[in-house]
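Chain P: place on chain A using the hints.
Number of protein chains: 2
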Amino acid sequence: MEEDRFISKQVIKIRGEERKETEDFITVESPVTIYLNGNELVTLLCTPEKIDRLALGFLRSEGLLSSYGEVEKLSVDEEQGFIHVELKEKTGLAEKLYGKRTVTSGCGKGTVFFNVLDSLRSKPLTGKLVVDIATVFKLMNDLQQKSELFKTTGGVHSAAIADESGILFFHEDIGRHNAIDKIIGECILADISTRDKIMISSGRLSSEILLKTAKLEIQLLLSRSAPTSLTIELADSLNITLVGFIRGSRMNVYTHQWRIAD
Amino acid sequence: MEEDRFISKQVIKIRGEERKETEDFITVESPVTIYLNGNELVTLLCTPEKIDRLALGFLRSEGLLSSYGEVEKLSVDEEQGFIHVELKEKTGLAEKLYGKRTVTSGCGKGTVFFNVLDSLRSKPLTGKLVVDIATVFKLMNDLQQKSELFKTTGGVHSAAIADESGILFFHEDIGRHNAIDKIIGECILADISTRDKIMISSGRLSSEILLKTAKLEIQLLLSRSAPTSLTIELADSLNITLVGFIRGSRMNVYTHQWRIAD
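Chains A and P are the protein sequences, given in the same order.
Those letters in the first sequence? Residues 0 to 261, by numbering that gives the first Met the number 0.
Those letters in the second sequence? Residues 0 to 261, by numbering that gives the first Met the number 0.
Treat the hints loosely; a few may be bogus.
What the hints assert, rightly or not - Examples of chain A residues toward chain P, derived with CB under 7 Å:
| id | residue |
| --- | --- |
| 1 | Ile13 |
| 2 | Leu86 |
| 3 | Gly202 |
| 4 | Ser206 |
| 5 | Ser228 |
Unchecked claim - Below 25 Å or equal to it, Euclidean Cα-Cα: the simulated DSS-like pairs (lysine-lysine) are:
| id | chain 1 | residue 1 | chain 2 | residue 2 |
| --- | --- | --- | --- | --- |
| 6 | A | Lys137 | P | Lys19 |
| 7 | A | Lys127 | A | Lys137 |
| 8 | A | Lys127 | P | Lys150 |
| 9 | P | Lys12 | A | Lys137 |
| 10 | P | Lys150 | P | Lys12 |
What the hints assert, rightly or not - Take a look, some chain A residues computed to stay more than 10 Å from chain P by CB distance:
| id | residue |
| --- | --- |
| 11 | Ile6 |
| 12 | Arg14 |
| 13 | Gly15 |
| 14 | Lys49 |
| 15 | Asp51 |
| 16 | Glu69 |
| 17 | His83 |
| 18 | Thr134 |
| 19 | Lys137 |
| 20 | Lys150 |
| 21 | Gly174 |
| 22 | Glu207 |
It should be emphasised that the hints constitute simulated quantities derived from the structure, not laboratory data.
Glycine included, each C-beta is placed from N, C-alpha and C at the ideal position.
The following block holds chain A by itself, in its conformation from the complex:
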């Protein structure tokens, strides 16, 4: 689906006083609906690429799935933008839990958030991963090098998971959350441990992004952009190293700087 990530379009470019019609490249936004055990769960607006990964990552982030072994069947209708996920154990627990969330909160995030928060607060990560400064700069540089869709359209965010030797999985998406969920989906599908990995994002680090990675026990979260107060607070208490504004040869370390070695 590589070619479906962007379209070519005639656009009026104004440069000072001059007005010119010219070809430009626009990032594609498509709705994708996830069905869990036959029930419609959610519609996400996303870059229509690797939407099976998006579904797996979304389900993992929402706590509805923990490994690919739990999946009975996964089918994708790319034309319609439908993804059907059947779990082996149809206890209905997943749907009930999810239903519970949407009852108390219009966006399925509010109340959950604080439940998750409470449960996470009690178990800070114990990992002792240390990477050096040069590796952090290299990983962010690699992320930017790989951001082809951003270079073409200027309208997407990128995310990647890496170890010290380099990037393992990379995605771009119109949504910050989707890009990270696609990375999580890749890890689920490849059945790799995320504990000793590094998450990299081009986007701002809100608390929801931090919580997604905390659930995977990722010790190191890197971004080109800014974190919020709540993200720093959570990273501090969960023993996660948070690095922001990684640009050129500069970076800001907000928490647990011992993981960044000279």
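What follows is chain P alone, placed relative to chain A:
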């Protein structure tokens, strides 16, 4: 609440090989819960400023409120982050409609989206607002000048509503959607017509942003950033002029360029 928009924090700044502890300013992220007629509706993660406007704008965007005249009582508990909105007509229709949405979609957006889409597709805007190129550049420049929180923290988006003479309301928020909802809330509170106004955003123009402004019959949507394919498609069919990548003396006009005069 001006002083609650950001906090000061000790941060490790790495510049090349040098590591230095220094003061930095971080944008505050707080949960705000909206109650409608006594029922918990949604929790938003936002910049804790003018949260009454956020609530009014959110309710307007979600189709649960159309004017301030419908509000019986609005009370804000800034300490707890609670906003209670009581409507005069407690038909339960609003809650039912909203409930209906969350049943079919985990994020309250999916199914709604297409209903809204269908209903909007049939009535393109008829307004004949025309502004000149210089005004577009000036408005974007004004937006950036006013973005104090961005200049301080680098971690927020800004939005404004304007007419040809300049910006009427301006907001910054950690979320693109929140910033626009706060602007919509200001318009609701001031009871001003939005038909002949211009919406300006620092952020990417996804379809959801376009639909928010389309509901207000805003004819002109300006941004510093990129639109998506779906946003262009909607703007085209709804007769909305979409301008993106407004930077310095450059801009891209994606739809209905006749509203931008030399």
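Structure-based check of each hint:
Because the closest C-beta pair between Ile13 (chain A) and chain P is about 5 Å apart, less than 7 Å, the hint holds. Nearest Cβ of chain P to the Cβ of Leu86 (chain A): about 16 Å, over the 7 Å cut. The hint is violated. Using the Cβ-Cβ criterion of 7 Å, the hint placing Gly202 (chain A) at the interface with chain P is not satisfied: the shortest such distance is roughly 11 Å. A distance limit of 7 Å between C-beta atoms decides the matter here; for Ser206 (chain A) the minimum to chain P is near 6 Å, and the interface restraint holds.
The restraint placing Ser228 (chain A) at the interface with chain P holds, with a minimum CB-CB distance near 5 Å, inside the 7 Å limit. Note on Lys137 (chain A) and Lys19 (chain P): the hinted pairing holds, with a Cα-Cα distance of about 21 Å set against a maximum of 25 Å. Proximity of Lys127 (chain A) to Lys137 (chain A) is assessed by CA-CA distance (about 21 Å); at most 25 Å being required, the pair is judged to hold. Restraint check for Lys127 (chain A) and Lys150 (chain P): the C-alpha separation of about 35 Å exceeds 25 Å, so the hint is violated.
Restraint check for Lys12 (chain P) and Lys137 (chain A): satisfied, since their Cα atoms lie roughly 17 Å apart, inside the 25 Å limit. The suggested pairing of Lys150 (chain P) with Lys12 (chain P) holds, with an alpha-carbon distance near 18 Å, which does not exceed 25 Å. Interface exclusion of Ile6 (chain A) from chain P breaks down, the closest Cβ pair being 5 Å apart, not more than 10 Å. Arg14 (chain A), annotated as away from the interface, has a beta carbon of chain P within 10 Å; the closest lies near 5 Å.
With a minimum CB-CB distance of about 5 Å to chain P, Gly15 (chain A) fails to clear the 10 Å threshold, and the non-interface call is violated. No Cβ of chain P comes within 10 Å of the Cβ of Lys49 (chain A); the nearest lies about 18 Å off, and the non-interface call holds. Annotated as non-interface, Asp51 (chain A) keeps its C-beta farther than 10 Å from every C-beta of chain P; the closest such distance is 18 Å. For Glu69 (chain A), the requirement that its beta carbon stay farther than 10 Å from each beta carbon of chain P is met, with the minimum near 19 Å.
Interface exclusion of His83 (chain A) from chain P stands, the closest Cβ pair being 15 Å apart, more than 10 Å. Once the 10 Å rule is applied to beta carbons, Thr134 (chain A) is consistent with being away from chain P; the minimum gap is 12 Å. The beta carbon of Lys137 (chain A) is kept farther than 10 Å from every beta carbon of chain P, the shortest such distance being approximately 14 Å. Residue placement check: Lys150 (chain A) keeps its beta carbon more than 10 Å from all beta carbons of chain P (closest about 12 Å).
Annotated as non-interface, Gly174 (chain A) brings its C-beta within 10 Å of a C-beta of chain P; the closest such distance is 8 Å. A Cβ of chain P approaches the Cβ of Glu207 (chain A) within 10 Å, the least distance being about 7 Å, so the stated non-interface status is violated.
Violated hints, in rising order: 2, 3, 8, 11, 12, 13, 21 and 22; the structure is consistent with all others.
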